[in-house]
Every structure is written in structure tokens, then in C-alpha cells.
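Our numbering numbers the first residue of the sequence shown as 187 and each following residue consecutively.
Keep in mind that a hint or two might mislead.
To be verified - Derived DEER-like restraints, expressed as beta-carbon distance ranges:
no., residue 1, residue 2, range
1, M284, L254, 14 to 22 angstroms
2, E240, N276, 30 to 38 angstroms
3, L257, K223, 19 to 27 angstroms
4, S219, E250, 21 to 29 angstroms
5, K287, R211, 33 to 41 angstroms
6, N276, K229, 27 to 35 angstroms
7, N216, E261, 30 to 38 angstroms
8, N253, K198, 15 to 23 angstroms
No lab work stands behind these hints, which were simulated from the structure alone.
For each residue, glycine too, the CB sits at the ideal point set by N, CA and C.
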Amino acid sequence: MSQSIGHFEETKKWKGNVCLAAHNRGYKNNYFSDLKKLKKGDKIIYYYQENKREYEVEKNEIIEYTNLSCLENTEENVLTLITCVENEPNYRRCVRAMERK
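Make a model of the complete structure from these sequences and hints.
Structure representation (C-alpha cells):
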């Protein structure tokens, strides 16, 4: 993750729940530095290979680092973005976005 955004291997890359993680501070590449600013209704564009999909933020919440329910697959196309919470090692920020149709 020091050079790119990471993908949770147990999740999908295109259909279903795509889960990604990245640093938000303290590294050369802090891809998720503005994740905490996302709010309901904000648009996220995701590219995978030659495909493009638009998502709309549904929620931006803090979860315990042991909470892995956000990695579960879904019938709908969902984008889940995870990063650390500043000075809170037991928590993660989790942004959940749904595909815009």
C-alpha cells in the first residue's frame, strides 16, 4: 500500500462488493487523505481495466478494526473504501458507496 491502493483479495474487483484500502497520511502516497471529507451523495468514479463505474456515497463511518462485515459480498455493486483513523489504532474509517444507475 505504500505505492498504490490495496485490494482486499477476498472481495470482488468488478461486480459485487469491491473493497479497497490505502493510507491517508504519513506515507509518500496517501491516496485516501481526503476520505474523511466524503459525505452522503458524493460521487466516486472507479476504474478497473477498461471499465468505469460511478458510485454514490451512502455512508462514511468509523468501525472497529476487527469488524470485517464490510468485506462481505453483496448482490448490488458496492464500493467499500477503508483507511486508518488518526491516532485511533483500534478503528478504521469505512466509506460505503452504491453504484449509480
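Here is how each hint holds up against the structure:
1. M284 - L254: 14 to 22 angstroms: 20 angstroms, holds
2. E240 - N276: 30 to 38 angstroms: 33 angstroms, holds
3. L257 - K223: 19 to 27 angstroms: Once the Cβ atoms are compared, 23 angstroms apart, the range 19 to 27 angstroms for K223 and L257 holds.
4. S219 - E250: 21 to 29 angstroms: Because 22 angstroms falls inside the window, the suggested range holds.
5. K287 - R211: 33 to 41 angstroms: Check passed, 34 angstroms falls within 33 to 41 angstroms.
6. N276 - K229: 27 to 35 angstroms: 31 angstroms, holds
7. N216 - E261: 30 to 38 angstroms: Since N216 and E261 have Cβ atoms about 33 angstroms apart, the given range 30 to 38 angstroms holds.
8. N253 - K198: 15 to 23 angstroms: Given about 19 angstroms between the Cβ atoms, the range holds.
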